[in-house]
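Student: Residues per chain are reported as follows:
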Amino acid sequence: MRSARETTSPRGCPGRKLRWHAFAVAFGMLPAFAAVRQAFMRVFHRQGVCTLPSSKLRLQVPEGRIPVAIVAPGSFSPPTLLHLRMFEEARDALERTGGKFKVVGGYMSPVHDAYGKASLAPAHHRLSMVEAAVSDSDWIMADSWECLCRSEWTPTVEVVSRFAAELSKVPVAVGSNRPQCGKVQLVMLCGGDVLQSFNATKPSGERVWPDDDVEVIVGQHGLVCVGRGKADLGAIARESTVLGKHLDKIVLAKPRVLTGISSSVVRQYLASNQSIRYLVHDKVRDYIFKHKLNELPNWQ
Amino acid sequence: MRSARETTSPRGCPGRKLRWHAFAVAFGMLPAFAAVRQAFMRVFHRQGVCTLPSSKLRLQVPEGRIPVAIVAPGSFSPPTLLHLRMFEEARDALERTGGKFKVVGGYMSPVHDAYGKASLAPAHHRLSMVEAAVSDSDWIMADSWECLCRSEWTPTVEVVSRFAAELSKVPVAVGSNRPQCGKVQLVMLCGGDVLQSFNATKPSGERVWPDDDVEVIVGQHGLVCVGRGKADLGAIARESTVLGKHLDKIVLAKPRVLTGISSSVVRQYLASNQSIRYLVHDKVSRGLFTPGLVHCAKGFFVQVRDYIFKHKLNELPNWQ
Chain A
1 MRSARETTSP RGCPGRKLRW HAFAVAFGML PAFAAVRQAF MRVFHRQGVC
51 TLPSSKLRLQ VPEGRIPVAI VAPGSFSPPT LLHLRMFEEA RDALERTGGK
101 FKVVGGYMSP VHDAYGKASL APAHHRLSMV EAAVSDSDWI MADSWECLCR
151 SEWTPTVEVV SRFAAELSKV PVAVGSNRPQ CGKVQLVMLC GGDVLQSFNA
201 TKPSGERVWP DDDVEVIVGQ HGLVCVGRGK ADLGAIARES TVLGKHLDKI
251 VLAKPRVLTG ISSSVVRQYL ASNQSIRYLV HDKVRDYIFK HKLNELPNWQ
Chain B
301 MRSARETTSP RGCPGRKLRW HAFAVAFGML PAFAAVRQAF MRVFHRQGVC
351 TLPSSKLRLQ VPEGRIPVAI VAPGSFSPPT LLHLRMFEEA RDALERTGGK
401 FKVVGGYMSP VHDAYGKASL APAHHRLSMV EAAVSDSDWI MADSWECLCR
451 SEWTPTVEVV SRFAAELSKV PVAVGSNRPQ CGKVQLVMLC GGDVLQSFNA
501 TKPSGERVWP DDDVEVIVGQ HGLVCVGRGK ADLGAIARES TVLGKHLDKI
551 VLAKPRVLTG ISSSVVRQYL ASNQSIRYLV HDKVSRGLFT PGLVHCAKGF
601 FVQVRDYIFK HKLNELPNWQ
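Chains as they are written, first to last, in the numbering used here: chain A, 1 to 300; chain B, 301 to 620.
Please note that a few of the clues may not be correct.
As the list claims (entries may be wrong) - Covered stretches of chain A (chain B as the covering partner; in silico rule of three or more C-beta atoms under 8 Å from a C-beta of chain B):
| # | segment |
| --- | --- |
| 1 | 20-31 |
| 2 | 79-87 |
| 3 | 272-278 |
What the hints assert, rightly or not - Straight-line distance between alpha carbons at most 30 Å, and here's what the computed DSS-like set of lysine-lysine pairs gives:
| # | chain 1 | residue 1 | chain 2 | residue 2 |
| --- | --- | --- | --- | --- |
| 4 | B | LYS417 | A | LYS292 |
| 5 | B | LYS402 | A | LYS254 |
| 6 | A | LYS290 | B | LYS554 |
| 7 | B | LYS402 | B | LYS610 |
| 8 | B | LYS400 | A | LYS290 |
| 9 | B | LYS612 | A | LYS100 |
| 10 | B | LYS400 | B | LYS554 |
| 11 | A | LYS290 | B | LYS610 |
| 12 | A | LYS100 | B | LYS610 |
| 13 | B | LYS417 | B | LYS502 |
| 14 | B | LYS610 | B | LYS356 |
| 15 | B | LYS317 | B | LYS356 |
Said to hold, decoys possible - Away from chain B, derived, C-beta distances all over 10 Å, residues of chain A:
| # | residue |
| --- | --- |
| 16 | ALA39 |
| 17 | LEU59 |
| 18 | SER137 |
| 19 | GLU166 |
| 20 | VAL170 |
| 21 | GLN196 |
| 22 | SER197 |
| 23 | LEU233 |
| 24 | GLN268 |
| 25 | LEU293 |
| 26 | GLN300 |
Derived by calculation from the structure, the hints in this document are not laboratory data. Don't be surprised by glycine CBs; every beta carbon is placed ideally from N, CA and C.
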C-alpha cells in the first residue's frame, strides 16, 4: 500500500505531492526573500546615489509637444505639502501655456549639507523625507546627486547642467516618431522669493546669482516660478536685466490658493509640540517622529 | 491501494487531507466573504445614519482635565485639507489653554441638501468624501445625522444640541475615577468668517444668527474659532454683544500658517481641469485588512480626490 508520503509516481517523475510541497515551501519563504532583498537594497541602494532616477519618467509625449522635466533644488528641511503643490502648479502652468509642453517627470533635489544653512537636517534624513513625500506621486522623484554623491556644495547652475546632461540621454518618443535622445528640455522650479533673489545683491556688493549662472539656467534651459505671496512676479522678471532677456523662457504660475506652508513654519510647530498633520505628507510626518527630527537642536 | 483522494484514516476521522482542503477552500473564499460583508455594510450602514459614531472617542482623560468634543458643521463640498487642519489647530488650542481640556473626539457634520447653497454636492457624496477625509484620522469622525437622518435643514443650534445630548450618554473616566456619563462638553468649531457672521445682519434686517441660538451654542456649550485671514478675532468677539457675554467660552486659535484652501477654490481648480493634488485628503490606502476602514461605509475608497473623479463630481453643473 502506498503511503500518502510516497513521492514518486509509477512513471518515476516527482509526484504532485512533491511539487505541492515545493511550491508551499517556496511560497512560505516569500517574506524571507523580500526581507533579504530589502536588506540588499538598503546596503547597495546608496551606491546608486549618482544615477538619475528615471522610473517615473514619461517616455512618450503627444504629437507637437515638447517633453520637459521640472527640477526643484531646495533645502527640504522638511519637505512640505507646499513643495508638492508647487510641482502640481508648475506642471499645470507648463502644460497649459498654449499646450506647448508635456511634463515627463519632476525632481526634488535636496541641497548638500555644506550649504551651511542653519536649519538643514542631515542630508540622508532630508533625502529620505523627500523620498517619502514623493512615494505616492506618479511623476515626481527624489534625486540624491547633489546631497549624497558630491563631497561639497554644488552651485545650482552645475546641478541644473547635470540634470540636463543626464536627461539628454533619455530616449523619448514624440507622437508617432521613434524614441530619440536629446529631446527632453529642462526647467528649474522656484518660488517667488528665489525669483526676487535673481535681482538681489549681497551686503558685500556681490550678486547673489552670478549673471553667467542665470544665463545658463534661464537662457539655456528655462524657469517656472510659482508665486507664494502677492508679489508681482511679472514685474520682478521684467525689472531684472538678465531675466528680462529671456522672458520667453520663464513661465509664471499664479496659484489660486497660497498655502503658505513653509519649512520654517513646520519647524516652529514642531518646536512648540503642535500638530503638523496636513502640513506635510503623512509619511514625512511619520519619518520625522520616528527619527526624532523634531528634537534636532537646529530645529528648535 | 489507497488513492490520494481517500479522506478517512483507519481511525475513521477526517484525515489531514480533508482538513487541509477545507482550510484551503475557506482561505480562498476570504475575498468573497469580504465582498459579502462590504455589500452588507453598504446596505445596512445607512440604517445607522442617526446614531452618533463613537468608535474613535477617547474614553479616558487625565486627572483634572475636562473631556471635550469638537463639532464642525459645514458644507464640505468638498472637504479640504484646511478643514482637517482646522481640527488639528482647534485641538492644540483647547489642550494648551492652561491644560484645562482634553479633546476626546471630533465630528464633521455635513449640512443637509435643503440648506440651498448653490455649490452643495448631493449629501451622500459629501458624507462619503468626509468619511474618506477622516478615514485615517484617529480622532475625527464623520456624522450623518444632519444630512441623511433629517428630512429637511436643521438649524445649527439643534445640531449642536443633539451632539451634546448624545455625548452626554457616553461614559468617560476622568483620572482614576470610574466612567461617568454627562462629563463630555462640546465646542463648536468655526472659521473666522462664521465668527464674523455672529454679528451680522441679513439685507432684510434680520440677524443671521438668532440671539437665542448663539446663547445656546456659545453660552451653554462653547466655541473654538480658527482664524483664516488676518481678521482680529478677539476684536470681533468683543464687539458682539451676545458673544461678549461669553468670552470665557470662546477659544481663539491663531494658526501660524493660513493654508487658505477653501472648497470654492478647489471647485475652481476642478472646473479649470487643474490639479487638486495636495489640496484635499489624498491617502492611498487600499487593503482588505487595513485598520481604520471599519468606519468607512463606502468600503475602501479612502481618497477624496479619487472619490471626486470616480463619481464625476468635477462635472457637477453647480461646481463649474
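Student: None of the hints should be skipped; say for each whether it holds.
Tutor: Results of checking the hints against the structure:
1. 20-31: Per the Cβ count (0), the hint is violated.
2. 79-87: Per the Cβ count (3), the hint holds.
3. 272-278: holds (count 4)
4. B:LYS417 / A:LYS292: Violated. B:LYS417 to A:LYS292 sits at ~45 Å, over the 30 Å cutoff.
5. B:LYS402 / A:LYS254: violated, 41 Å
6. A:LYS290 / B:LYS554: Holds - the C-alpha atoms of B:LYS554 and A:LYS290 are around 28 Å apart, at most 30 Å.
7. B:LYS402 / B:LYS610: violated, 38 Å
8. B:LYS400 / A:LYS290: holds, 29 Å
9. B:LYS612 / A:LYS100: holds, 28 Å
10. B:LYS400 / B:LYS554: Status holds; Cα separation ~18 Å.
11. A:LYS290 / B:LYS610: violated, 35 Å
12. A:LYS100 / B:LYS610: Between A:LYS100 and B:LYS610 the Cα gap is close to 29 Å, so the pair holds against 30 Å.
13. B:LYS417 / B:LYS502: holds, 16 Å
14. B:LYS610 / B:LYS356: holds, 28 Å
15. B:LYS317 / B:LYS356: Given pair B:LYS317, B:LYS356 is violated - Cα atoms ~44 Å apart, limit 30 Å.
16. ALA39: A:ALA39 clear of chain B: closest Cβ-Cβ about 24 Å, beyond 10 Å.
17. LEU59: holds, 21 Å
18. SER137: violated, 8 Å
19. GLU166: Check passes; 26 Å lies beyond 10 Å.
20. VAL170: holds, 24 Å
21. GLN196: Given a closest Cβ separation of 21 Å, the condition holds.
22. SER197: holds, 22 Å
23. LEU233: holds, 18 Å
24. GLN268: violated, 6 Å
25. LEU293: Per Cβ check, A:LEU293 is outside 10 Å of chain B; nearest 18 Å; holds.
26. GLN300: Holds: least Cβ distance 15 Å, greater than 10 Å.
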